[in-house]
Amino acid sequence: MAEPLGPESRPVVGILGGMGPEATVDLMRRVIAATPARDDADHIRMLVDNNPAVPSRIAALIEGTGPSPLPELVRMARGLAAGGATMLAMPCNTAHYYAGGIVEAVPLPFLNMIALTVERIAAMVPAGTQVGLLASTAVFKIGLYEQAFADRGLPILAPERQDDVMALIRAVKTGDTGAARRGALAAVAERLVQGGAGIILVACTELSIMADAIAGTVPVLDAMDVLAEEIVAQAKGR
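The opening position of the sequence shown corresponds to residue 3 in my numbering, with each subsequent residue numbered one higher.
Because the hints were derived from the structure by calculation, they are not lab data. Positions of the beta carbon are idealized from the N, C-alpha and C atoms, including for glycine. Heads up, some of the hints might be wrong.
Computed list of lysine to aspartate or glutamate pairs in DMTMM-like fashion (alpha-carbon distance at most 20 angstroms, straight line) [stated by the list, open to error]:
no.	residue 1	residue 2
1	K175	D51
2	K143	E65
3	K175	D28
4	K143	D166
Derived CB-CB ranges, DEER-like [unchecked claim]:
no.	residue 1	residue 2	range
5	R31	D178	35 to 45 angstroms
6	A39	G86	29 to 39 angstroms
7	G81	E162	39 to 49 angstroms
8	A152	G86	34 to 44 angstroms
Model the full structure from these sequences, guided by the hints.
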């Protein structure tokens, strides 16, 4: 039987977090839940920079009033690498706009949640299927998913009332994830299905916290689950 890996040779996942803080903890919970473990030692080591001071992605990308988050994200990534991280993950869809800059600055594997999610959906549904996208306005504005899905023949269907989605995202950031907010999220998803969506993609890590409220007749995929499962697969060598 092979000897168990010592602490110095185990994969270490560096998480660029704080966008928002609850979403970061949610990713950690999902990684733990997805890890086959019989004891503490079977779990995956995670180094987490839960940094709520990362400049606002909304201010930078939508309003044009704030500084770029990239310098702070690079600083975080370098700190995680110096602390022993062997790969990086970032539980924020919008912040993946800056993924290229992080990869260029820090020579570690970066688990790109956007690319992984698009690949997963392309394997789940036939070409031509409309993807009902639940995401921040910034994600739509910068086309974060649009081109990747278009390359696979999968059109995106956006909510008719995107302001309602942003209100839900802001509510989660204040800790409001009660029944009223969950019901509102389910209603937005149902309207996407009625509009022709063949699959629902939850592509905002704030909305991920309430994603279990969505139920319907089409598949629902949460980008956060895709990232958590990939972290486990990479860390466990699968």
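Task: List of violated hint numbers, smallest to largest - done: Of the numbered hints given earlier, those the structure breaks are 5, 6, listed in rising order.
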